[in-house]
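**Student:** Spelled out, the chains give:
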Amino acid sequence: MGPHPRVPGQRGCSRVKGWLIAGLATLGALLVGMVKADLEDEKVCRWLARTLVYRTTRHLPADERDRWREELIRDLLDLQGRVAPLLWAFSVYLQAGRWGRMRGMPSRWEVLVARTRAAWQRLRSLPQARVRARAQQLHPASIQAQAQTAHVKVVGFDAQLVASGTTRSGGSASLMSRPGAWFI
Amino acid sequence: MGDLPRLTLNVLRILRVLLENPTVARHGLEIGLAAGLRGGSLYPVLSKLEDAKVVTSTWEDVDPSEVGRPRRRLYQLNPDGVVYARQALAEVQQHLSPADQHSPAWGRTPGFPAKGGAPA
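Protein sequences appear in the order of chains G and X.
Going by this note's numbering, the letters in the first sequence line up with residues 1 to 184, in that order.
Going by this note's numbering, the letters in the second sequence line up with residues 1 to 120, in that order.
Just chain X, same shape as in the assembly:
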C-alpha cells in the first residue's frame, strides 16, 4: 500500500461501507449515499484511497450500447485494503469505547461512579 490517508470521519465512513461486503464492487454514488456523504466529500476521498492502493477501481464491464446507459466506475477494497479497513475501524472503535475501560482515572470526577459501574 502507498501513503495511507489520515483517518478522518469521511474516510472511515467510506471504509465501513466498502467493508460491509468486500467482494462486491460498488459505484461512487452508491457508496456516497450509503455513507451519507455528498459528492464533494466522496470523490476526493475515493481518489486518495485509490492512490494509497486500499481501493481498486475499474470500469464496469458492459457495452453501453447494449445496456443503453454509460458504464459505471466500480470501487472495491483489495485484500490489503480489507485488512487496513478492519484495523482502522477497530482502532477507532477502541478509541471511542467508554473511558473507564482504558483510562479509569481520566475524565471522571473522583468519588462519582463510572457509567454503569460501582462507585470509585
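The following block holds chain G by itself, in its conformation from the complex:
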C-alpha cells in the first residue's frame, strides 16, 4: 500500500497550523518572561534553593534530616548572588536519591514496587475475604445462633398474643408462617 493521497482543501491545514504555532509561541514567550522575571528576583531564587534543600533532605533518614537541613541552608547563606545558591542546591537535589540510598533509604523505584505489590495483594485477597465471610455466615454454629435468636423472638411474640387474648391455635398458626417458627 502506498501513501494516502492528500485531501484537497483551501489551505485549511496550514492556516490551523499557523495559528497553533503562533499561539504556542506566545504562550512560550509569556512563560519564559515570567520565569526570567522570577529568577531575577534574589528572594525567589533563595526560596527556590531552600525548597530544593528541603526536598533533598526528605530522601535522607528521618533522624538525620534536621542536621543536614541546617547545614545545607547554612552553606547556602554563604553563597553570594542569585544563581550560585540555586545551582548549589540543585546539584545537591540531583544527587539526593543516590545519597539517600547510600544512607539506607529505599529508592523511589523500590517504594513504587512495594506499594504496587501491596495494592495487588489487597485486591487479590478481596474475593477470599468475601468467601470467608460467606462461609462464616453458613457455618452450623452461626445458623444455630440465628435460630436461637429467632426462637426467643417467637416465644416473646407468642406471650404477647396470649396476653392480648388471641387463641393459642390462631397465634401458633400465624407464627408458623414466620421464618424460624418451626423451631417451637
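It is worth saying that the hints were derived from the structure and are not from the lab.
Just so we're clear, the structure is a prediction, and the values are computed from it rather than from any experiment.
No residue lacks a Cβ here, since even glycine has one placed at the ideal position from N, Cα and C.
Fair warning: there could be bad hints in the mix.
[Stated by the list, open to error] Which bits of chain X does chain G cover? Going by a derived footprint, with three or more residues having C-beta under 8 Å, they are:
| hint | stretch |
| --- | --- |
| 1 | 25-31 |
| 2 | 37-44 |
| 3 | 62-76 |
[What the hints assert, rightly or not] Listed below are the simulated SDA-like cross-link pairs for lysine to any residue, each with C-alpha atoms no more than 20 Å apart in a straight line:
| hint | chain 1 | residue 1 | chain 2 | residue 2 |
| --- | --- | --- | --- | --- |
| 4 | G | 43 | G | 83 |
| 5 | X | 53 | G | 103 |
| 6 | X | 53 | X | 4 |
| 7 | X | 53 | G | 43 |
| 8 | X | 53 | G | 64 |
| 9 | G | 43 | X | 70 |
| 10 | X | 53 | G | 104 |
| 11 | X | 53 | G | 83 |
| 12 | G | 43 | X | 69 |
| 13 | X | 53 | G | 102 |
[Unchecked claim] Counterexamples of contact, computed for chain G against chain X with all Cβ distances above 12 Å:
| hint | residue |
| --- | --- |
| 14 | 38 |
| 15 | 107 |
| 16 | 134 |
Since chain G is already given, all that's left is putting chain X on it; use the hints.
**Tutor:** This is chain X only, laid out in the frame that chain G set:
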C-alpha cells in the same frame, strides 16, 4: 575506623583539602570550593567519610544570636583519618607516577626510549 570508602576522585580531593591543615576544622562549603566540588558530590562523600570515622564533624561553638548568623558544621580529620588520608594519597600518587619506574616493559613500544630516559 569503620568501612572505608572507595578511593574515588572526589574522596581523594576532599582528603587532600582536609590534609592541607589537619588541625584546622573547615565547613562543608569551604571544603567544596577548595576541592572544586559541587554540593551534590560533596555532602554524600563527607557523610561517607564521617561514617567511616575518617572525619569528625561538630557544630561550631558559637551563639547564633551573638554572632548574628547560624552556626556552621565543621569537619576535621581525626588522627586515624590523617594516617589514612596520607596513605591513600601516597598510594594513588604511586599508581599515577610514570610507568617506567614500576613496570618498565608495560605500555612502552619496544625500541623507543622512555620519557626522559635512555633508549631501551
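**Student:** Out of the numbered hints, which ones does the structure contradict?
**Tutor:** Numbers 7 and 11, in rising order.
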